[in-house]
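With these hints in hand, go ahead and build the complete structure from the sequences.
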Amino acid sequence: MANVHQFDVVVVGAGGAGLMAGLYASRTAKTAVISKLYPTRSHTGAAQGGIGAALGNLEEDRPEWHTYDTVKGSDYLGDQDAIEFMCNEAPQIVYELEHMGLPFDRTPDGRIAQRPFGGHTNNVTGKPVRRACHAADRTGHMILQTLYQQCIKNNVNFFDEFQALDVLIENGKAAGVVALELATGELHTFHAKAVIFATGGHGRIWEITSNAYALTGDGIALALRRGIPAEDMEFFQFHPTGIYKLGILITEGVRGEGGVLINGKGERFMPNYAPKVKDLASRDVVSRAIYMEIREGRGINGSNYVYLDVRPETVNKFAALDGRTNPDGTPYTTTGEQILKKLPDIIDFCRTYLGVDPVTQPMPIQPTAHYAMGGIPTNMYGEVVVDEKNTVLPGLYAAGECACVSVHGANRLGTNSLLDIVVFGKHAGLRAAEYAKGTDFTPLPADPQGFARQQLEALRSANGKENVFQISQEMKKEMFDNMGVFRTQETMTHALNKIHELQERVKHIKLSDTGRIFNTELLNAWELTNLLDLAEVTTASALARQESRGGHAREDFPKRDDANWLKHTLAWKKNGKVELNYKPVVITKYQPKERVY
Amino acid sequence: MQVTLKIFRYNPEVDKTFHYETYTLEAEETDRVLDVLERVKGQIDGTLSFRRSCAHGVCGSDALRINGRNMLACKTLIRDVGDKITVEPLLGLKVVKDLIVDMEPFFDNYKRILPYFINDSPPPADGKERLQTPEQRARFDETTKCILCAACTTSCPSFWASDQYYGPAALVTAHRFIFDSRDEGAAERMHIIAETDGLARCHTAYNCTLACPREIHITKAIGELKMATITGRLD
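Protein chains in written order, with my numbering: chain A, 4 to 600; chain B, 445 to 679.
Some hints here could point you the wrong way.
[To be verified] Listed below are the simulated DSSO-like cross-link pairs for lysine-lysine, each with C-alpha atoms no more than 27 Å apart in a straight line: (1) Lys344(A) to Lys664(B); (2) Lys555(B) to Lys33(A); (3) Lys450(B) to Lys513(A); (4) Lys248(A) to Lys528(B); (5) Lys572(B) to Lys344(A); (6) Lys156(A) to Lys572(B); (7) Lys670(B) to Lys156(A); (8) Lys450(B) to Lys460(B).
[To be verified] Where chain A lies over chain B, by a calculated footprint (3+ residues, C-beta under 8 Å): (9) 450-461; (10) 503-511; (11) 566-572.
Quick caveat, the hints were computed from the structure, so don't treat them as lab data.
Since the structure is predicted, the reported quantities are computational estimates derived from the model, not experimental observations.
C-beta: ideal position from N, C-alpha, C; glycine also.
In structure tokens form, the structure reads like this:
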């Protein structure tokens, strides 16, 4: 058979989680990393503000506080054993990144610099704590570069610009991956003992998003098609501060450095919603606050955006009012020069896309679809679990945004995604390599590429009048309008009907590119089918959950309901329909209580 | 406003040689060139092929020649380039299809300069970070910004002459490590970049600096490397 490769471990995706998995697995197992992009194009590179770890380099901090903040941030839906594991691993893994050469910013005494971030607090005083380890406002870029460089150093095998189309599961075990080589249009079979999905998010479901074009949820869609459920898909994070209309991310680090949100009346409004930590409340809280201000007519000029203001005079005024201090106890102040130094990329984005200079002008922002808390269900070793009893599917692993461990529950804290990818990428890689050592290859099915070929053929041979771009636009608008920050039974039902309509229409497209080499039109169409499937599962999961929790805010059920809904959603696609079931949340030390910032 | 795009087209499965296609469509002056390319592909001609991902200048996928200059399509607005826009693939790398070039020689060159942190000394006994002062960290800050988009390397006349030249991007990465106080691979890298395909091929045309979407002063960084190979000093 042509184009068959054999590896102990195959990693799909080359962002932070995939590279970390590849780096660790390749130490003991023959490993390949396949990715639809060149690794350094992955969206980990867009992460800005920092990676969370209780190093305590600037003030007292503890992994227990990080754990509690994450549990609280998750609105108690995160699994506490996994959260504790991640937060305890955090300091060591940040040191490990530093030992790999990651150029963190430094404190005056030469240690890794840290800044405050939303939801991260000193658990005694309740005040924001400096926990986000940063490299200017391009921490994700530095993680991605450093891990790719280490993979080169360690001779990891890469298959760049290979699009995974199918995961092979034989006799209840993972057997490999089928992928399309974009440069030739040929299918390849990667026969593997263990497969690790690290395919990232699916923010491209929504119109206004911080996510890259590539983030089309391929891993989750592949898994769903092979009968694996998706967990907690209704929980999707809208980051409060996206550039108005474009959705490009403006890091929470801006508020960490003292920036504040200002409404159309020129007022700082976050103290009304989060009296203690104000602008550094967790993301779901801040995004809802912005929507509420806009709804009350207090957007800028009555429009649907507010300002994020990091001008030194504004920062200094509110820092003085808040009594904010430096680590040595002196009053916190900043200058335009310092802001430029700490947030160079943000300033560059605003100058480029808005013609606004944040040192002298406020930035127009609106909430932007940012991060999937839900995904392929795993345990804390990255093993994929496929039912309510957490039964492991041997040989299949997932890590990073495409996975749901769940460490983020109903709402992820800023800096925890970079932490998640390195911690669980590493452990998935280690586990997969160990598993591969003790097992044989599962024989491939007779026609391993059959299902992948069939999906592409259906798109190639469709001969209708529909247009991929048009369907995609309609999906994004529908999801942003009706499955956004606030939801009701009515809006979600509307969205679900619309998605069903679009799923039907996508069968009647007509592609104009009939070639094999870099047929990106075919690829866009296939990715759209993934996005539509995930939009459907997201909406169906959301409709069923009759409460508000974290990123899932229902106006018709405005309260959290622990009696009925303190549980994880599992959603399957069966016979063209979404089927739902639930599994319990792991609670160890922290009993759910009201969440106040 | 109405914009007219003249786009380089080449489909190896059909065409004997390249040609240009012209498309006219409505756009806002604040649209990115990438937005307009997406609309051409989505609404007018689905066969147009190009790479893109993040759409805000951090992933480096969509470096293209726009009105004759290397830029990221996602970081260039219509108002920056006017309503008549010519879009072509990067020079110096083989065109695979339309605006997509073969990136392999570029990444091969990158790999030749040992693009990874080298320090085989044991980390501090307490397991914590190696110390580095803010000043030491600032020494190589600028060259950590590189996104490997290839805009610099493919604007360089020396690279056009020979793709055996490492090119500016690889040298930027060499700078990032050579001037990192924690790294111990400087001597080895300096030896590599002092070879024929290295620094000697930089004739300070300055194109790289003008092309860099991350505003890295590449010519200056290469100048610092040249000085270091002459003096043997890294300050």
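How the hints compare with the structure:
1. Lys344(A) to Lys664(B): Holds, at roughly 20 Å.
2. Lys555(B) to Lys33(A): Given that 27 Å is the threshold and the Cα spacing comes to 21 Å, the pair holds.
3. Lys450(B) to Lys513(A): holds (25 Å)
4. Lys248(A) to Lys528(B): With Cα atoms ~25 Å apart, Lys248(A) and Lys528(B) stay inside 27 Å; holds.
5. Lys572(B) to Lys344(A): Judged against 27 Å, a Cα distance of about 26 Å means the pair holds.
6. Lys156(A) to Lys572(B): holds (22 Å)
7. Lys670(B) to Lys156(A): holds (25 Å)
8. Lys450(B) to Lys460(B): Holds, at roughly 19 Å.
9. 450-461: holds (count 4)
10. 503-511: holds (count 3)
11. 566-572: Per the Cβ count (3), the hint holds.
The structure fails none of the hints (numbered hints given earlier).
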